Every structure is written in C-alpha cells, then in structure tokens.
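Chains as they are written, first to last, in numbering that gives the first Met the number 0: chain P, 0 to 354; chain V, 0 to 354; chain Z, 0 to 354; chain F, 0 to 354.
Treat the hints with care, as some may be off.
Intra- or inter-copy, both count: the list cannot distinguish identical chains.
Simulated pairs of lysine-lysine, BS3-like, Cα-Cα distance not exceeding 30 Å [to be verified]:
#1 Lys346 / Lys295
#2 Lys122 / Lys347
#3 Lys347 / Lys295
#4 Lys346 / Lys260
#5 Lys295 / Lys119
#6 Lys119 / Lys346
#7 Lys122 / Lys260
#8 Lys122 / Lys295
#9 Lys347 / Lys260
#10 Lys119 / Lys260
What the hints contain is simulated information worked out from the structure, not anything from laboratory work. All values reported here derive from a predicted model rather than from experimental measurement.
There are 4 protein chains.
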Amino acid sequence: MSTPIELRSDNAAGVAPQVLAALATANDGGAMAYGGDPWTEELREVVAEAFGAPDVAVFPVVSGTAANALALSAMSPPWGAVLCHDSAHILRNEAGATSMYGGGMQMNGLPGPNYKLNEKSIKAAFASAQWGDNHEAQPTVVSFTCPTDFGTVYTPAEVAALTALARTRGLKAHLDGARIANAIASLHCSPAAITREAGIDVFSLGAIKGGTMNADAIVSFDQEASDQLYYRLKRAGHVSSKMRFQSIQLITYLRDGLWVKLARQANAATVALARGLTDRGVDMLAEPQANMIFAKLEPHVSQALAAAGVYFYDISPGVIRFVTSWRTTPDEIEDMLRRLDVALATKKTGRRSAR
Amino acid sequence: MSTPIELRSDNAAGVAPQVLAALATANDGGAMAYGGDPWTEELREVVAEAFGAPDVAVFPVVSGTAANALALSAMSPPWGAVLCHDSAHILRNEAGATSMYGGGMQMNGLPGPNYKLNEKSIKAAFASAQWGDNHEAQPTVVSFTCPTDFGTVYTPAEVAALTALARTRGLKAHLDGARIANAIASLHCSPAAITREAGIDVFSLGAIKGGTMNADAIVSFDQEASDQLYYRLKRAGHVSSKMRFQSIQLITYLRDGLWVKLARQANAATVALARGLTDRGVDMLAEPQANMIFAKLEPHVSQALAAAGVYFYDISPGVIRFVTSWRTTPDEIEDMLRRLDVALATKKTGRRSAR
Amino acid sequence: MSTPIELRSDNAAGVAPQVLAALATANDGGAMAYGGDPWTEELREVVAEAFGAPDVAVFPVVSGTAANALALSAMSPPWGAVLCHDSAHILRNEAGATSMYGGGMQMNGLPGPNYKLNEKSIKAAFASAQWGDNHEAQPTVVSFTCPTDFGTVYTPAEVAALTALARTRGLKAHLDGARIANAIASLHCSPAAITREAGIDVFSLGAIKGGTMNADAIVSFDQEASDQLYYRLKRAGHVSSKMRFQSIQLITYLRDGLWVKLARQANAATVALARGLTDRGVDMLAEPQANMIFAKLEPHVSQALAAAGVYFYDISPGVIRFVTSWRTTPDEIEDMLRRLDVALATKKTGRRSAR
Amino acid sequence: MSTPIELRSDNAAGVAPQVLAALATANDGGAMAYGGDPWTEELREVVAEAFGAPDVAVFPVVSGTAANALALSAMSPPWGAVLCHDSAHILRNEAGATSMYGGGMQMNGLPGPNYKLNEKSIKAAFASAQWGDNHEAQPTVVSFTCPTDFGTVYTPAEVAALTALARTRGLKAHLDGARIANAIASLHCSPAAITREAGIDVFSLGAIKGGTMNADAIVSFDQEASDQLYYRLKRAGHVSSKMRFQSIQLITYLRDGLWVKLARQANAATVALARGLTDRGVDMLAEPQANMIFAKLEPHVSQALAAAGVYFYDISPGVIRFVTSWRTTPDEIEDMLRRLDVALATKKTGRRSAR
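In isolation and in its complexed conformation, chain P is listed as follows (with noise of 0.2 Å):
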C-alpha cells in the first residue's frame, strides 16, 4: 500500500521540531511550580511584544477547549448569551463546556454566509433580544471563529466593525483562534491587528494546531476577565503545575515569527491543493481562505480517495475536508492529486455506500 498522506487534521501533524527541542532547555535544575518560574514570565513578555499590548494577560492551558470555555466564563455572568455563527466550534464541538463552565451560560447560533457572522444577523439578534428582561439570557458576548471552522477568514476591518458594533450594547469580544496563524498568513497581517486593534478582549492562541505539543493559552487583554482567569483555572485544574514546559513551547512557537511561517507552509499546501481541485472540476463549500479545504467528491470517489491511503474526515453525505500542516509538503500535494485522478476515475457501483 501507498505511503498514508495525512490531511485529517493539523491535530495530527505531531510537534514542530523547534518546539519539541525547545523542551529540554527548561529542564534544567528547578524551578517554582504554577507558573512562578522565568519562562512563563518571558512568555507573557513574549506575547506583550508580539501583540504590541504591554499590559496583556497570557494562561497556558492544555487544549482549546479549555481556552475557549475558560475564557468565556470569565468575560460574562452566566445568565449571558454569547453570539457565534451557527457554525462555531464552540457551539458545535465542544459538548457544552462553555455552559458548563460559565455556570449555564447560553450559546446563541446566528447565520450569515460563508460561515461568518456579519452585521446583518448581529443586528438581527440585537433587534430581537429581550433586553434587561430575565426571561431571556442577555446577550454579553461576541464570538469570532478565525479562521472560520470551514477555512474561511475574517479581515481585520470586518472584526472591527463588528466588535464596534457589539460594543454598542455593551458586549465584549471573543475570539476563538485555534488556527489563527493562518488567518494571519493569510492575511498577511499583523497579530495585533486582526485581535487587539480589530476591538478583541479576549482570545485563545491555538498553539496546539499551528504546532505545540500540549501548550495552548488564553490572552487577555481585559483586566477584569484576567483577574477571574487567575482562579477559574486553578479550580478547573488548568493549571500545569511544571508550567515552564508549555512555556517554553510558547515562547519557542512565537518567537521570531515561527508561528506565522509554519502557518504559511501550511496554507501553502492548501493553495495548491485547491488548484488541483479546481482543475479536476471539484467543487467545495467555500474559498478556501486557511489550511482547509471542504471538497464536494461523489461517496465511491472518496472512498477511493481513502483506500489509496490518503486520510481525511468525512463531514457529510457528499463533503469531505482536508486539513493541511506544517508539515504537509508540495511532494505530498502533488502525490494526493495524483491518487485523486485515479479515484477520480472510478466507476460508481450500484451499491449505495454505507455511512
């Protein structure tokens, strides 16, 4: 059989060699335990420069789920409503720690194209909320997925008008930023502008997918969401007690840009990928604007597609996606394209695919 060609997801990809190398330099002699040793103070250094916010508060947590949930619980009384698109990871994937953590706390799904919120349906919700009514949760959140869980981007300009907007009655802004080194390279960006200056308080790194190993963190800009973070995660067990270690992947991950070049390597991938898509007549569920793609393949084509050892996640009936890393190649691309072709050949049977 084919060597595997990996594009299930940049979970999978392993830990770049930087950062797993990173590791040993911390272990050196002792240290204090929870977070009082010097690497987590450079981290929070680290992070001050490359967010250009001297004052910003930096929890390394151990996955993104964490960071997302975490954070929402400490940005909202839990009779809030937070307001995501229909499509959000939070909303969707992670079976309910937002409430569960934020005491009850309600996640609002509201529509928009291309799986993004937009002004219209955050009006929408604002028209329709029932305002200091306690029958009704209150909206006091706003949550961005950047890129979206379907690869799509926000610009900067787009956040910011809606964060402007979401500020009109008082909410505060959340970003969900599992891959959000590729929004940057995509957008060719800086940090600060698609978070701090684009209105965001409070956002989740996404370390774990752009490459970390187990080093994930929430970064606060807002003073009051910092000081309850500081014992929300203690009681949630959140915090490493030999923190050093997801420091320094921390550190090693966004220093000197490394962060935003494996990005880059990374949608790369998904560029050519793309292309080799479009010229085959594959069609997909939006541009892809990150390191994913959403392919429309007929069900025996994907299946040949994966009996030739090219590995993805079948979403739903018709939809497959493809994730690409760091560590996916311009080799692996071309020899996926290649495997299409021939899957693409394939004759359909009269059986009707199993599911």
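We have chain P already, so just place chains V, Z and F on it with the hints.
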C-alpha cells in the same frame, strides 16, 4: 552564594530524562487526535498490567487537581459529600475544584491522627449523617490521600479496612495518588495492593510529581465512573488533542517500574535528611514515610537556612517543609545538613521575624 | 375609560376561588414541615388516581420554570442535549434555567410546522448527532410543550409516536405542561392519555396558569428521576417548609376535575374570540387549539385596541397575543370584539408607531 | 390521648390569620405577572420604610434556603469562601444549596462559643487564609445566623464589630434571618439596627417561620448583588408568576409591626418554658434568647414526654429541641410543664433507647 538545593516541591524538580527523551518517539508521522492513537492504546495496556486490571480505563489529564476533581464528580451525584481527612489536598488546596466540577458537591473534612482517616472518624461521620434526609449532603465517596499531604502513608490493610467500612453504607472509594509511587516504594507493595486490591475504585496516578512533564492520569476500575469521565473530561477541556504525547510520558514512566525506582531515590533522600534532622534534635510534625518532611525550626534558623541557598516552603509559624525528588542526590542532602549546622549555630536576634 | 379586559396572560387572572378558599382548611393546628403532612400525602393519591399511576411521585414547586428545569436536570447527565421545538419556552423564555440546573446541559431547538416537533425533525436530529462522540452533547431527552407557546396542541397519538421514536435511541420524554389542562380540555382526552399513556416520563402540571396561587408540580413516572428530584429540589430551595399550603391548592385544583372545568371555560373564550376575529378577517399565526391566540393586527389597530382598555402582549411587529383564562367571561369577549370593531375602523396615521 | 402540643418547629405552626385573610385582597381582577403588580411595588416601600433604606431591593422567594443560597451566590464569585459559624444552617442543613447556586463556592465553618462567630474566629480565619493564592478559595463573605440555629442572638454591636472587621479584608456581610423577628423582639431593637446599621449587605427576611405561608424574601442593600439577583432568581425558577400573592403576605406580615408582635408571643412562650425547665433542674445547651430551647433530657424522659403528646425534635443523644411560635399559648406551656413533671417522674428502664 552557594548552589541552590531544591527542596521546595517535587513539582520543581523537572522531568525525568527518560520521559523527556521518549517524547520524540511519538512524533514520527501523523496520528489520530484525541486519543485515537496507538500510544494511548498501549498506555491502557501498560496500566492494566501494572494494576492487574484488564478492564481498567485510563484518562490522561494535565494536573492532579483535574484528576481528583473530575474523578470525584464522576463518582457521586451533586448532593453527595466526599469524606476526607481534614488536611486533604482536595479540601484545602484545590480552590473548590471538586465542588465546581461536582455541581456543588460537598467535602467533609474528618479528624484523625497522623493526617489519616481511621475507623473512628468514619464511623462518627456515619453516625451523625442524616441518611436519606434531603436537608443534608449524603456521604457518597471516601477519599484517601496516600501519601498524605504531611508525608505519612496508609498501609494496604488500613485502606482495605476503611473501604470495606465505607462500602457498608454504599460509598465508593477514591485515592488522591499525587505521590502514590512514593507510597508504593515506601510500603514495598505492589501497585495493585494499595489501590485495586484495597478497594479503591478510582484514583489519580500522580505522575507529574513523580517525574513526567504534564501527564497525570485518572485510573478507573469503576465502569460507571469511566463512562461518565469520557464525556466529563472533554467538556472540561481536559482531552489533549495530541494525547499521544501525554501517553508516551505515562508509558515511559510506568514501564519497567521506572516510577517506583524514581520514587525510591526520592524516599531515600528523605530518609537521609530525616536522620540528619533527628541527629540534630530537630522535631518533625510526623514520621516521614515518603518524600516529605515537616520540620520544626525556629524562624531565625529557617531564615539562615534559606539565606544559605536551601529552598523550602514555610508552612506555618515555626514549621517548614522539605520535599525530595528523583533528582535529589545524597550529596545534596549532606550539603544541606552542613548548611543546617551553620544555621542552627546562628543566634536569635532581638528582631521579630517578619512573615 | 372602559373597564379593562384582561387578555395578557393566564398568570394575570388570579386564583380560582375554590383554591383560595381551601387554603384555610390546611391551617388548623400544626403539621410536619417539608411535606411530612397529610395533605401532601393526599396529593400524591389524587395525582395517582388522576393519571392512573399508583407509583407516581409528585413534587410541589413554585413555578413552571422550576418544574421544567429541575425535571430535566434529573432526566439527563450534564453532557446531554434536550431536543425541543425551536419555539419552546424552556429554550426561549427561561433564561437558561435548564442549563444552569443541568450543569451546562444543552437545549437543541428543532424546526417543525405549527410550533410542534414531528417525526422529520427528530429523525434529522438523530441523523446528524455524533452518537457516542464526546465532542458533542448527546441527545438524552425529548421535550414537548403542550399546548405549545403558540396555542397549538399535540394529539396523544402524535406524542406517543414521537416518544416511541425517541425511545429507539434511549431518550426519555418530558412534557412542559404549563397549560396541560387546556390541552386535555381541547382534546377531550383523559389526563393519562396525553402524558403517561403517550410515553411521557416526567412533566410539569402547569397548575398556576390553570388557577392555583403558587403551586405547580413536577409529576414523575420515572423512579430514577424521582429519586434525584427529592435531593435536587431541596438544594434548589424548592421545598416549601409549609408545603401543605401548596398541596391543598393542588388537591383542590385536581379534585373532581376542577382543573379541566376551568380550562374549558378558558378554551371556550378563545373559541369565541377566534370566531370573532375570523369573522372580521383578522389572520392568526396558527389555529388556536387551547386558550391562546396570536393575531395579526396592524400597529394602528392594536394601539387603538390597547387604548380602548383591552390588555394584551405585543409579540413581534404586527402580531399580538391574547390569552383567555378561567376568569374570562362570554360578555368580556363580546365587549372586546365591539372594541375591536372600533379599532379596526380607525385610520392609519402617517406616523410610524414607536415600539 | 392528650391534645398534642406542637413544639417541633415554627414551620409547623401554620399561617398567621392576618396573613391568610389578606390573600383574598390581592385576587380582585388581573395584574401583571412576575412582579409587575402594585402589591410588589408596595412591598418594596414597606421594606424601605421598615429598614430605613430608600433604595432597598426586595425579592420574594418560597424558602429560606433559596433566600440564603441565591443571596450568597450574588455576593461572591464562585471561588469565594463564605465564613460562617460551624453550626450555621447554610453549612449544615441546606444540602449544599450555596455551593450549587454559587458554582462550587465554599463554606468555611468557624468555631465560636454560644454558636456565634466572634472576633477571634474571624481573625484566625483571616490569618490562615492564603490571600490572593489561587490554590485556595478566597474569603469573600461573612454570614451570620441571627438568631443562631441554637437560639442565641447576636447584639447589633457584635454584628457591627464583625462586619467592620470583615470589611477590612473586603468581605461583604450576609445575614440568615430565618428568625430575625425573634431576634428583633428579643433585642428590643429596630429592624435596621441588626441589619443595615450593623453593616449587613443582604439578608433573608425569615418570614415563613415568622408567620407567612410561603413568602420569604431576600432584602438587599447592595446594588451589585441586587442587579444579579434579578437574573439569578428567574433562572432558578424563583420568580412566582403571581408574585402579588407573596407580596401581600409580606406586606401584611411587616405592616404595623405585626412580625415583631408575633415574634414576641413566640419568645414569651420560650421564656416561660425555659423558666419551667430551669425550675425543674433541666439543663440547656445555651441560654434561650429567642424562640428555641435545646434541653438535655435523659432518653427515658424525652420518650415519656413524646408519649404524652408533646411534639419536639431529637437533636442528638440526650438533647431535644423545643421551638415556640406565634401560635403557642401560655396555657400550652403550662400544660406542657405538667406533662414534663410526669415524664421526669418515670423510671429509667433497663432497655437502651433505640434511635
């Protein structure tokens, strides 16, 4: 100034070199995210063998707080009460994590000499409980800390007798095994003897203090709890997407008894240090049976010791804590005792120590 | 100004005189607190008889929100999802009570004509659910609102078919019976037919809107839920110490079919009002099958009607809600229609109505 | 058998006739639901006047447990700890309601003679607290029970001194006023003196034990807590839709000092009973300062007393509780003492009393 001697915490000791080295082996090629990888499967087998439990469930987590609090939330309804010693870490040092995850679950601290629960304290709790009365949280779990937070150790027979007593009223048994390897090394018993064979249903493995980087685990012999934990962990953000890097840490830690070997080194250092203290007439809160010592030193002595580069924690006026680890060497203990001799020779000044 | 005509809410109607009068009978001498009194025991018997369920459990509570949210919290683990219609009161009007009591439990709103769940909507939810995958809340309960919040009514056969469908995937069935007496009166069915015999496990009795003062109840045919509710209610502060005064209200309300008689009066008023609206060419959102009407009236008409002393609620631009109660008389409906005639004759002014 | 003499609980005493009679006055015509009615507005004015607090907020609830737990949840973040006496009802008898509503908030029981907090116990708690350390719940509220669950009473000066002490570390002050009218009657003080003027921020009015049917209330002088309570109560199902029937109970209870008059009757009965006990050489756990007595009686005596138709509660081996109410008459106390004389004359049999 002298080289620091690290006796603050086993969390301060860093990662055992074998564990650090093993990380790279899990980074070849892609792997299913969220635990669907071969290392996580292998981990289950390693634990099953170590504890003689073919059907065990193992859930890697990033902290002992998460391990304990999530385990307990899966062992009891929210109106349950966890019976534990009044000095238990879950009661005193986890900022209400168990109550948070447990939906308001209560923790009832009980008295007992040597920081251990005993038959008398549990029987008294049972006698005063309003069983079946909804005005009062119902005892549902008994939780042991072994070694205790004050360095004493339950014997397997003690645990077995108390879990049997607990079971007469339907309680499940939990063990906070933050330093369980040190107990096993101290008791010269098998891992199963102090856990499964003693009636423990679910316990935390305590691997981080023992030498891993950021991989602790919940080990469950209780199917009902295991079924819950699968969901509870995800919505708590405690399922690492690249779980294999936690699994390989735990595999390495457990394989060939490495964990017990590391614990033996830690315990040996404590034995040497305790002997040195006794020789010098220093009293201790309790007999050190694992890798911790609580020494009674006058403030001017402990201040002199700190000034001499010995790192430790102040616990209460006149009491300081030393914790040894796999990294502590016999030379360090000798060196430390020499510095103690100097400190003991210092004169008490008229100034009251600031605290 | 004219005498007000109260059509805002059955909550606005006050207490049925029989219920009010009965309170004094429970005030002779002392009685055990917290439900250990003879009235509460009698209530259980009255409910058992009314629903043909010897083993039923009954828990008086002070509100429908408490009845629904606590019931649901006892029917599902926290990672469960309640399937309900997108217009359900538990989803739209209880400010996240279910998620709060349920530890972050999720509510999934489904589509369906006439504000009712149907086979198609539930099958679609089942098809898209990631069963057994911890990334997603797991469907555990289906909840019906009958009558719906828009005045439509499920038949017993409809409920029975859907609970049977739900049971194929292990879901329990809940009914928000905020106006269940109106449904029973409308369907000319027995209380058991639309609840127990249709596969409902736990429901709220909706007695307050029907005519009690502050006594609603959770009725449970499900032993597992009942066991939990005993504790859940107490720690929610929903166990009235002088419970006998809630029990006597409920006994009086249920005995000799008073509840259905009161509901018949309310329904008859809605029938008369709906006929009057139809005669005048006023459209309604849905066919009124209980005691609620959602009428489409131009803003200048509804404003004129309000100015004429008719009390109602604005629901959305151009839609107003009338609710009739046991207190609404035929004369009031006639009077109201006369006022409507005047309002319909008013001219639309150039000014846009403020809202 | 003799007529029963009810000394179990003031909850067992039923409803004061004035309160019962007033209910009908709120049943004329319709009224806005959920508190938008004139009675609820009047209630606020009555409370404002009674406590000399123009900006007070009042939230009717159905139980003291709800009043206490919801109040505390609005006074502290979830990582807070409530300092209360070790015998406090909120700690011992509410099945974790505060922790449930408070998102895992902790309750720390402190020692103190006469079942009361004192300067020493609070100072000790402050001294041992790890302020600002996220390993430990942070003291955020001090809660008084007055009268205590053992019938002793704080003076206004005592409460004022302790709230002032608490405020030095930023704690808010809560009062569980389950029997506050009995304290006011006992102290001959104004309602404001033992609450607002003594530094209390939020308290429960304790009206049910005092004579209402099912209307207790949270009274808040703290704007921040009041803002939260508006939402917290709704999502807890503690907003009665026909709130006017709770409000009219509370208005009647408070107006013209009825509550204090009722409490005086209850207290007078306790004084008479305590004198009778003392005359007969019966010891008590504490000096009865309100309407409760904890008497030390040998089991054979208390059994004889129970057999003679005197109703009371067993508290612990050899201790029984008598509670008098507005309904207890001087004749009943005399009668009870006669029955006690007979009981005291019974011989102890060889059989050990079953419990």
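Okay, the hints, checked on the actual structure:
1. For the identical chains of this complex, Lys346 and Lys295 are intra-copy neighbours only, at 17 Å inside a copy versus 56 Å across copies, given an alpha-carbon limit of 30 Å.
2. For the identical chains of this complex, Lys122 and Lys347 are inter-copy neighbours only, at 28 Å across copies versus 47 Å inside a copy, given an alpha-carbon limit of 30 Å.
3. Within a single copy, Lys347 and Lys295 get their C-alpha atoms as close as 15 Å, which meets the 30 Å cut-off; across copies the closest is 53 Å, which misses it.
4. Proximity of Lys346 to Lys260 under the C-alpha cut-off of 30 Å is found in neither arrangement, the shortest distances being 41 Å within a copy and 60 Å between copies.
5. Taking identical chains as interchangeable, the C-alpha atoms of Lys295 and Lys119 lie at most 30 Å apart whether they share a chain (28 Å) or sit on different chains (25 Å).
6. Taking the shortest alpha-carbon separations for Lys119 and Lys346, neither the intra-copy value of 45 Å nor the inter-copy value of 33 Å comes in at or below 30 Å.
7. Taking the shortest alpha-carbon separations for Lys122 and Lys260, neither the intra-copy value of 37 Å nor the inter-copy value of 45 Å comes in at or below 30 Å.
8. Proximity of Lys122 to Lys295 under the C-alpha cut-off of 30 Å is restricted to the inter-copy arrangement: shortest distance 24 Å between copies versus 32 Å within a copy.
9. Proximity of Lys347 to Lys260 under the C-alpha cut-off of 30 Å is found in neither arrangement, the shortest distances being 41 Å within a copy and 60 Å between copies.
10. In the homo-oligomer, the alpha carbons of Lys119 and Lys260 never lie at most 30 Å apart, since the shortest distance is 35 Å inside one protomer and 48 Å across protomers.
Violated hints, listed in ascending order, are 4, 6, 7, 9 and 10; each of the other numbered hints is respected by the structure.
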